[in-house]
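Colleague: Taken in sequence, the protein lines are chains A and B. What the first sequence shows, in the working numbering, is residues 23 to 318, in sequence order. What the second sequence shows, in the working numbering, is residues 48 to 283, in sequence order.
Since the hints were derived computationally from the structure, they do not count as laboratory data. A couple of the hints might just be wrong.
[To be verified] Restricting the straight-line Cα-Cα distance to at most 35 Å, the calculated cross-link-like pairs of lysine-lysine (DSBU-like) are:
(1) A/Lys70 / A/Lys314
(2) A/Lys68 / B/Lys133
(3) B/Lys224 / A/Lys70
[Unchecked claim] Derived DEER-like restraints, expressed as beta-carbon distance ranges:
(4) B/Gly125 / A/Tyr136: 22 to 28 Å
(5) A/Val82 / B/Val225: 49 to 55 Å
(6) A/Thr176 / B/Gly90: 23 to 29 Å
(7) B/Arg274 / A/Arg45: 51 to 57 Å
(8) B/Glu91 / A/Ala294: 27 to 33 Å
(9) A/Gly64 / B/Arg171: 39 to 45 Å
(10) A/Pro41 / B/Ser275: 40 to 46 Å
(11) A/Asn107 / B/Leu135: 33 to 39 Å
What you are looking at is a predicted structure, and each value in this text was computed from that prediction instead of being measured. Quick reminder that beta carbons are idealized off the backbone N, C-alpha and C, glycines included.
So you can see what is in the structure, the chains are spelled out below.
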Amino acid sequence: MPEPTGVIHDIGYQRYTGPRLGRRQVFGALYLHGLRTAFGLGRSAKAKIFPWLVVGIVTVVAAGATAVRSQIGEVVMTYAQFADNMSWLVIFFVAVVAPELVSRDLRSGVLPLYFSRPLPRSDYPLAKLLAMATALWLLLGAPQLVMFLGAAFTTGDGMRGVWNELLDLLPGLLYAGLWAVVFASIGLLVASLTGKRAFAAGGIVAVFLMTTPIVATLSVMPSRAVNELAFLASPSTLVQGVGVWSLGDLLITENGAGQTESLIGDFGPVYAVAAVLLVAACVTLLLARYRKVAAR
Amino acid sequence: MSTVSWITARGLFGRRRFLLLLPLPAVLVVLAVLSRALGVDPGEWGPAVLVGLGLAVVLPVVALIVGTGVLGAEIDDGTVVHILTKPLPRWQIVLPKLAVATGVSAVTVAVPLYVAGVLADSVRLGLALAAAASAGALAYSALFVALSLVTRRPVLLGLVYVLIWEGLLGNFVSGTKVLSIQQYVIALADRLAPTGLLEADVSVPVAAVMTALISVGFTVLAIDRLRSFSVAGETS
Numbered sequence: 023m024p025e026p027t028g029v030i031h032d033i034g035y036q037r038y039t040g041p042r043l044g045r046r047q048v049f050g051a052l053y054l055h056g057l058r059t060a061f062g063l064g065r066s067a068k069a070k071i072f073p074w075l076v077v078g079i080v081t082v083v084a085a086g087a088t089a090v091r092s093q094i095g096e097v098v099m100t101y102a103q104f105a106d107n108m109s110w111l112v113i114f115f116v117a118v119v120a121p122e123l124v125s126r127d128l129r130s131g132v133l134p135l136y137f138s139r140p141l142p143r144s145d146y147p148l149a150k151l152l153a154m155a156t157a158l159w160l161l162l163g164a165p166q167l168v169m170f171l172g173a174a175f176t177t178g179d180g181m182r183g184v185w186n187e188l189l190d191l192l193p194g195l196l197y198a199g200l201w202a203v204v205f206a207s208i209g210l211l212v213a214s215l216t217g218k219r220a221f222a223a224g225g226i227v228a229v230f231l232m233t234t235p236i237v238a239t240l241s242v243m244p245s246r247a248v249n250e251l252a253f254l255a256s257p258s259t260l261v262q263g264v265g266v267w268s269l270g271d272l273l274i275t276e277n278g279a280g281q282t283e284s285l286i287g288d289f290g291p292v293y294a295v296a297a298v299l300l301v302a303a304c305v306t307l308l309l310a311r312y313r314k315v316a317a318r
Numbered sequence: 048m049s050t051v052s053w054i055t056a057r058g059l060f061g062r063r064r065f066l067l068l069l070p071l072p073a074v075l076v077v078l079a080v081l082s083r084a085l086g087v088d089p090g091e092w093g094p095a096v097l098v099g100l101g102l103a104v105v106l107p108v109v110a111l112i113v114g115t116g117v118l119g120a121e122i123d124d125g126t127v128v129h130i131l132t133k134p135l136p137r138w139q140i141v142l143p144k145l146a147v148a149t150g151v152s153a154v155t156v157a158v159p160l161y162v163a164g165v166l167a168d169s170v171r172l173g174l175a176l177a178a179a180a181s182a183g184a185l186a187y188s189a190l191f192v193a194l195s196l197v198t199r200r201p202v203l204l205g206l207v208y209v210l211i212w213e214g215l216l217g218n219f220v221s222g223t224k225v226l227s228i229q230q231y232v233i234a235l236a237d238r239l240a241p242t243g244l245l246e247a248d249v250s251v252p253v254a255a256v257m258t259a260l261i262s263v264g265f266t267v268l269a270i271d272r273l274r275s276f277s278v279a280g281e282t283s
């Protein structure tokens with residue numbers, strides 16, 4: 023029996039001996055990358071068109087409202103109302119960003135690369151969700167800041183006026199956060215079902231748009247309780263219901279006060295619970311989805 | 048039925064994601080049946096279901112998903128090359144695909160709209176809605192098929208049209224209604240079956256002419272674009 027003649031050559035591969043970053047850094051990198059992806063930063067000009075189109079429109083609307091208020095003195099919309107009025111643009115923004123965040127990775131099959139890092143299964147969707155929610159919050163919050171700055175510099179009664187504006191702004195920002203969390207969790211869940219960005223975008227818009235007319239139909243049903251609970255049927259009206267219950271006068275201006283208040287009746291807490299349950303359900307399904315998809 | 052249309056139909060129906068299209072018309076029918084069964088006045092639920100859900104959401108969204116799917120999906124995964132290298136005139140590729148897209152979206156939308164129209168008012172309203180929705184499906188499909196050849200992001204551009212142009216601007220700036228397929232469909236349906244349920248903002252001749260113009264114009268544009276179509280990898 024001849025001696026084995028094979029040899030193992032040392033061709034100079036080096037082991038990595040530097041510091042190894044852990045879970046937190048991986049999560050942070052994914053989050054930051056997701057946030058940059060949302061606005062197309064670090065990507066080609068084509069990827070920037072749609073996000074910045076939406077950002078441009080909301081900023082112009084905020085600037086317009088600020089200008090009208092400083093010139094004529096009429097409050098066109100409060101900070102909290104801003105999110106309500108921009109709901110169509112928010113839907114469009116979700117349809118643009120959510121597929122970019124999750125569908126691309128599904129399509130190009132890079133998930134095994136992600137999960138070969140010290141990254142628990144749940145961290146990937148949570149980082150994406152956090153990035154998406156932050157992007158939405160920035161989209162709704164930044165124009166409110168523009169409106170605040172405009173109001174603060176044109177206020178007539180000094181620091182007290184600025185303080186009052188600030189007290190109005192903070193609930194508006196919180197409300198924008200609610201919008202962001204609800205819409206981000208639904209949008210990401212829908213987008214994570216398909217690897218095709220086109221279908222993901224269509225699906226997201228279908229989910230959000232289809233539910234709004236259901237509200238309109240339910241609210242003419244011959245039952246007061248059904249009418250008052252009708253706003254549960256659509257994510258955007260659900261968020262508005264929570265806003266009406268928790269913010270009250272900040273969301274409703276004088277002309278529609280009594281009317282909107284009675285629209286949801288005494289079901290305010292139901293809306294809050296429903297919103298929490300909706301987000302929890304979406305996040306749970308999203309986590310379940312990534313437990314499965316990673317094993318593909 | 049030509050091979051191209053057969054391939055297109057199989058591409059649409061052969062995937063599980065086609066089932067995603069079914070909830071939209073189903074909700075439309077369920078809401079109409081529910082309202083009718085509870086005895087709500089059609090004047091109250093009619094506009095919300097027929098126009099708000101049917102013509103403003105279901106028709107454009109179904110036409111968008113189907114219309115960009117027939118050609119856009121093949122461009123996306125690169126299999127369009129197989130069709131382009133066959134010795135076929137370009138119009139023989141675009142027209143069958145457009146026909147399949149129109150047929151699928153017309154059936155998906157017209158049937159539930161017919162049911163809802165019958166429940167709301169009369170058989171005449173149902174037929175009028177179905178006919179107008181089919182005409183609208185043709186115009187929307189031509190627009191979205193052409194979009195999928197003009198740009199690499201047809202769905203998002205189509206959404207800009209549906210959401211921002213028809214949805215957002217149509218509510219505030221009445222001038223944009225002259226260039227909105229949704230308004231043409233409403234005008235045509237209202238002409239075919241005059242009821243108090245539909246409110247037309249454009250005149251019927253304008254609607255008819257513009258629908259025909261959009262259908263033909265974007266079909267010609269699509270054929271022309273496909274003539275000089277360059278197969279390029281996706282950037283970014």
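Colleague: Compare the structure with each hint and give your call.
Modeller: A quick look at each hint next to the structure:
1. A/Lys70 / A/Lys314: OK: A/Lys70 and A/Lys314 at ~32 Å, within 35 Å.
2. A/Lys68 / B/Lys133: holds, 31 Å
3. B/Lys224 / A/Lys70: holds, 29 Å
4. B/Gly125 / A/Tyr136: 22 to 28 Å: holds, 25 Å
5. A/Val82 / B/Val225: 49 to 55 Å: violated, 23 Å
6. A/Thr176 / B/Gly90: 23 to 29 Å: violated, 46 Å
7. B/Arg274 / A/Arg45: 51 to 57 Å: Once the Cβ atoms are compared, 54 Å apart, the range 51 to 57 Å for A/Arg45 and B/Arg274 holds.
8. B/Glu91 / A/Ala294: 27 to 33 Å: Once the Cβ atoms are compared, 29 Å apart, the range 27 to 33 Å for A/Ala294 and B/Glu91 holds.
9. A/Gly64 / B/Arg171: 39 to 45 Å: The hint (39 to 45 Å, Cβ to Cβ) is violated, given that A/Gly64 and B/Arg171 are roughly 58 Å apart.
10. A/Pro41 / B/Ser275: 40 to 46 Å: Since A/Pro41 and B/Ser275 have Cβ atoms about 54 Å apart, the given range 40 to 46 Å is violated.
11. A/Asn107 / B/Leu135: 33 to 39 Å: Hint violated: Cβ distance 50 Å, outside 33 to 39 Å.
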